[in-house]
Amino acid sequence: MPPIDSVLDDFFWRALIGGLGVALVAGPLGCFVVWRRMAYFGDTLAHSALLGVALGTLLQIQLSLGIAVVCIGLALLLVILSRNRSLATDTLLGILAHSALAIGLVTLSFMPDVRLDLTGYLFGDLLAISRTDLAWIYGGAAVVLALLGWLWRGLLMSTIHEELAKAEGLPVERLRLGLMLMFSLVIAVAMKIVGVLLITALLIIPAATARRLASSPERMVGLAMIGGMIAVGGGLSLSWFFDSPAGPSIVVSAFLLFLLVYGLVREQRHG
Amino acid sequence: MTEALVTLDDVSVTLGGQSIVDHVQLTVSRGDIITVIGPNGAGKTTLIKAILGLQSISSGRIRRTPGLRLGYVPQHIHFQPTLPLTVKRFMALTGASPANCRAALERTAVNHLYESSIHHLSGGETQRVLIARALVRQPDLLVLDEPAQGVDVNGQAELYELIRELRDSLDCGVIMISHDLHLVMAATDKVLCLNQHVCCSGYPEQISHDPAFVELFGRHVADSVAIYHHHHNHDHNLHGDVVDNAQTETCHHHASH
Chain A
1 MPPIDSVLDD
11 FFWRALIGGL
21 GVALVAGPLG
31 CFVVWRRMAY
41 FGDTLAHSAL
51 LGVALGTLLQ
61 IQLSLGIAVV
71 CIGLALLLVI
81 LSRNRSLATD
91 TLLGILAHSA
101 LAIGLVTLSF
111 MPDVRLDLTG
121 YLFGDLLAIS
131 RTDLAWIYGG
141 AAVVLALLGW
151 LWRGLLMSTI
161 HEELAKAEGL
171 PVERLRLGLM
181 LMFSLVIAVA
191 MKIVGVLLIT
201 ALLIIPAATA
211 RRLASSPERM
221 VGLAMIGGMI
231 AVGGGLSLSW
241 FFDSPAGPSI
251 VVSAFLLFLL
261 VYGLVREQRH
271 G
Chain B
1 MTEALVTLDD
11 VSVTLGGQSI
21 VDHVQLTVSR
31 GDIITVIGPN
41 GAGKTTLIKA
51 ILGLQSISSG
61 RIRRTPGLRL
71 GYVPQHIHFQ
81 PTLPLTVKRF
91 MALTGASPAN
101 CRAALERTAV
111 NHLYESSIHH
121 LSGGETQRVL
131 IARALVRQPD
141 LLVLDEPAQG
151 VDVNGQAELY
161 ELIRELRDSL
171 DCGVIMISHD
181 LHLVMAATDK
191 VLCLNQHVCC
201 SGYPEQISHD
211 PAFVELFGRH
221 VADSVAIYHH
231 HHNHDHNLHG
241 DVVDNAQTET
251 CHHHASH
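Those protein sequences? They're chains A and B, same order as listed.
Be aware that the first sequence starts at 1, since it is given in full-length UniProt numbering, and climbs by one per residue.
Be aware that the second sequence starts at 1, since it is given in full-length UniProt numbering, and climbs by one per residue.
Among the hints, a few may not be true.
Said to hold, decoys possible - Which residues of chain A face chain B? A few of them, derived with a C-beta cut under 10 Å, are: (1) Asp-9; (2) Val-34; (3) Arg-37; (4) Ala-135; (5) Glu-163; (6) Lys-166; (7) Glu-168; (8) Gly-169; (9) Pro-171; (10) Ala-214; (11) Met-220.
Unchecked claim - DEER-style ranges, computed between Cβ atoms: (12) B:Gly-17 x A:Leu-118: 45 to 51 Å; (13) B:Thr-27 x A:Gly-169: 21 to 27 Å; (14) B:Pro-81 x A:Leu-59: 43 to 49 Å; (15) A:Ala-102 x B:Ser-19: 41 to 47 Å; (16) A:Gly-169 x B:Gly-17: 28 to 34 Å.
What the hints assert, rightly or not - Sample of chain A residues with no beta-carbon within 10 Å of chain B, all distances over it, derived: (17) Val-106; (18) Asp-113; (19) Phe-258; (20) Tyr-262; (21) Leu-264.
Bear in mind the hints are in silico, worked out from the structure with no lab data behind them.
We treat Cβ as the ideally placed atom computed from N, Cα and C, and that holds for glycine.
When you get a sec, could you build the whole thing from the sequences and use the hints?
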């Protein structure tokens, strides 16, 4: 094994380390997406990430920060709008998801000085990952994992039954906000890996795969982390040997793993 | 004088311009078992959600004893099948020790399900696990929304008996919703008959003769409930009070009724 500094000089190793870092947070967050049926919500937040890129470029701040800010803003907007029951949640999410994506694309086209690799934002550009990106990924992952560990019992209880959790005195609204904050962070750091259009896949597929093998919520989280890491490793290998795009290759690996597990493992009697 | 756990003072809930709970006056004290009965859409669930703090009220006041610990057994609990969960883990989420969790499950007679998946329980087993979970938290007030739903007839009687026992051993107050008038009349201390507003309230023996009760449920039901109590002493009830219709706290129906 070469010393760490020269490892980070190599784009492939940087990609692998970055991808593994994202898989680490995508695992637990993905479980919450699956448990709380938030797939469409995650998609909406991810779509708004492009608007974050535009904002970050415009203000000349770190793009991850721009993305996180826009995602948090949209998450809050969703909370406020969903109180008004005149539109069904999925309609509301559909409107916001695609409008955010379109506004992001239009805004970016108005910035002639900026030469942007749009494909990179839509499908990820893992092989172009920099040391700064790595710092953002692991910084973000550390914050998210620490928050998850701290709020775990409350988050789990309010996921199982929100009213029961509330009656028992848990601050369910604040927990939900905390979860949204974590989502925004994960989307901001995961975007570099798989891009706007595939983030939800990286969240859901390993978690869904883990469900088949897990008998407790904590084990499901652990298995989702491992599954995500295998997908990252597999996807990068695919990309290395067949020169396929890295982000989609990771999602394809995750999907193959999902098929394999559901094909081989019968439904658990326990859990 | 028993300790009042929750007092509802002229509480109303209006949702979307429609009155769901209308000027309700109610006190739940330690040691009480109060059953809320009434037709569908009478606001029973809304009322207990207001007591739990899950439903904001439009007017009136709810006073809870400071530090009041609530145990809640919800009506329909749907466990998301994507979330793997055993009874053991579900109980442990209360923060109680494994020994206490097992003891609580023992009391509701479902200890043998400790290691089972929560997704494979029958309706009655789920209710007993939920009650165990509520009582492991040592509640001051136990709130149950149709605890006997999905439980067969023999199981229902046992369930009400269990609730009485828990009231005695925990020294807590109980408020629950029920549909089964016969069991309610047999197993409850006090009945609150709700149809948005409180139609009548009092001891079961009194209430079955109450004109408001008869009006709400019909002569046939009222008579069958009254017949069910024929073994009771009609001059003095089990509480030692003289049974007299005039003593029930009956509100006057609005002209529209």
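The hints, checked one at a time:
1. Asp-9: Violated: closest Cβ of chain B sits about 42 Å from Asp-9 (chain A), beyond 10 Å.
2. Val-34: holds (5 Å)
3. Arg-37: holds (8 Å)
4. Ala-135: Given a least distance of 34 Å, the restraint on Ala-135 (chain A) is violated.
5. Glu-163: holds (5 Å)
6. Lys-166: holds (6 Å)
7. Glu-168: holds (7 Å)
8. Gly-169: Given a least distance of 8 Å, the restraint on Gly-169 (chain A) holds.
9. Pro-171: violated (12 Å)
10. Ala-214: Because about 5 Å separates Ala-214 (chain A) from the closest Cβ in chain B, which is inside the 10 Å limit, the hint holds.
11. Met-220: holds (6 Å)
12. B:Gly-17 x A:Leu-118: 45 to 51 Å: Hint holds: Cβ distance 49 Å, inside 45 to 51 Å.
13. B:Thr-27 x A:Gly-169: 21 to 27 Å: holds (22 Å)
14. B:Pro-81 x A:Leu-59: 43 to 49 Å: Once the Cβ atoms are compared, 44 Å apart, the range 43 to 49 Å for Leu-59 (chain A) and Pro-81 (chain B) holds.
15. A:Ala-102 x B:Ser-19: 41 to 47 Å: holds (44 Å)
16. A:Gly-169 x B:Gly-17: 28 to 34 Å: holds (31 Å)
17. Val-106: holds (37 Å)
18. Asp-113: Its Cβ never comes within 10 Å of chain B, the nearest being 46 Å, so this holds.
19. Phe-258: Its Cβ never comes within 10 Å of chain B, the nearest being 14 Å, so this holds.
20. Tyr-262: Non-interface label stands for Tyr-262 (chain A): nearest chain B Cβ at 14 Å, farther than 10 Å.
21. Leu-264: It holds; Leu-264 (chain A) is separated from chain B by about 18 Å at its closest Cβ, greater than 10 Å.
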